[in-house]
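J.: One letter stands for each residue in the lines below.
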Amino acid sequence: MSIFFAVCIIAVVLIFTVGIYSLLVTHNFMRILISIEILTKAVTLLLIAVGYVTGNMATVQAYVITIIVIEVVLLAVATGLVLGIYRATGSLDTRNLKR
Amino acid sequence: MLKNFCSFIMMLEGEFGLNMTIILISLAGLVICAILCVVVGNLVKAGIAMAATSAVLSVIMFFLKAPLAAAFELSVCAGLIPVIFISAISMTKIRPKDELAELKKERIKRFLPLPILLVVLAAALLAFLWPHIDSSIPEKIVSLGGDVQNILWKKRQVDLLGQIIIILAGVFGVMVFFKESDTE
Chain A
-11 MSIFFAVCII
-1 AVVLIFTVGI
9 YSLLVTHNFM
19 RILISIEILT
29 KAVTLLLIAV
39 GYVTGNMATV
49 QAYVITIIVI
59 EVVLLAVATG
69 LVLGIYRATG
79 SLDTRNLKR
Chain B
879 MLKNFCSFIM
889 MLEGEFGLNM
899 TIILISLAGL
909 VICAILCVVV
919 GNLVKAGIAM
929 AATSAVLSVI
939 MFFLKAPLAA
949 AFELSVCAGL
959 IPVIFISAIS
969 MTKIRPKDEL
979 AELKKERIKR
989 FLPLPILLVV
999 LAAALLAFLW
1009 PHIDSSIPEK
1019 IVSLGGDVQN
1029 ILWKKRQVDL
1039 LGQIIIILAG
1049 VFGVMVFFKE
1059 SDTE
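In the order they appear, the protein sequences are chains A and B. Here the first sequence is numbered in the working numbering, starting from -11 and rising by one per residue. Here the second sequence is numbered in the working numbering, starting from 879 and rising by one per residue.
Here chain A stands alone, though its shape is the one from the complex (with noise of 0.2 Å):
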């Protein structure tokens, strides 16, 4: 394995784990909305990295275009499922949902 595998490994650990902590602790729709963001951007990581060692870098861009358009219509649905809550409670933290 090259030291450049090896760092992308862990600088894509390191950014699932602050994507998934992120994810638990937080109580804003809006910040977990950003860490699945930050989870979409690890697994994009890996996916390039695992592309550049194989050589197969063509089929990783189509994967990772397809990444891409999933990533704006779920932000852009889950915006606005956000804004609708938002609309119905007057906030943003998740347990006013509980109410």
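Treat each hint with caution, since some may be false.
[Claimed, not checked] Okay, the calculated bits of chain B under chain A, using three or more residues with CB under 8 Å as the criterion:
#, stretch
1, 956 to 964
2, 998 to 1011
3, 1038 to 1044
Bear in mind the hints are in silico, worked out from the structure with no lab data behind them. Ideal Cβ placement from N, Cα and C applies to all residues, glycine included.
Got chain A sorted already, so can you dock chain B onto it with the hints?
T.: Same frame as chain A, but now just chain B:
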């Protein structure tokens, strides 16, 4: 300190070459931007940090010979998504200063274990991967594994169909959720 940093960069460049040095520095920047995204208190600043994360990732993609994906990442993830985000944040009201200060204290308490967790995880991964690491640099890609357009339009046509369906679902979703209700 700046002198030490410059000498460190020069050492990296001598060891791995300019491209790999830029990629390694960008990877460090990517992790820092991701941490900033979740740690920063202000939501607008968090959105900007997210855009910076995408921009750094697109730099990495460009240097790893994925220019098409890099262009998509830069234009969509670093351009469009922060705009959606910040416009959504601007639709919500700003909290009073007292409440913000209280929330900041609570945030610091919640995110205090994160740096420790990351350092421990990085050390553990390094210890685990160290025996498997050799000093080789990935060889330059001779073949890109085919033409991107060819793969996207011919081999992965079902993906495109899925993307079209997802985009349509997203458009309808946005129309439903952003619509002001008549009763209001």
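J.: Report holds or violated for chain A covering the stretch 1038 to 1044 of chain B, Cβ cut-off 8 Å, minimum 3 residues.
T.: Result for this restraint: holds, n = 3.
J.: Confirm or reject the coverage of the stretch 998 to 1011 of chain B by chain A under the rule of 3 or more residues with a beta carbon closer than 8 Å to the chain's beta carbons.
T.: holds (count 7)
J.: Mind taking a look at whether chain A covers the stretch 956 to 964 of chain B? Criterion is 3 or more residues with CB to CB distance under 8 Å.
T.: holds (count 4)
Comparing the model with each earlier hint shows no violations; every hint is respected.
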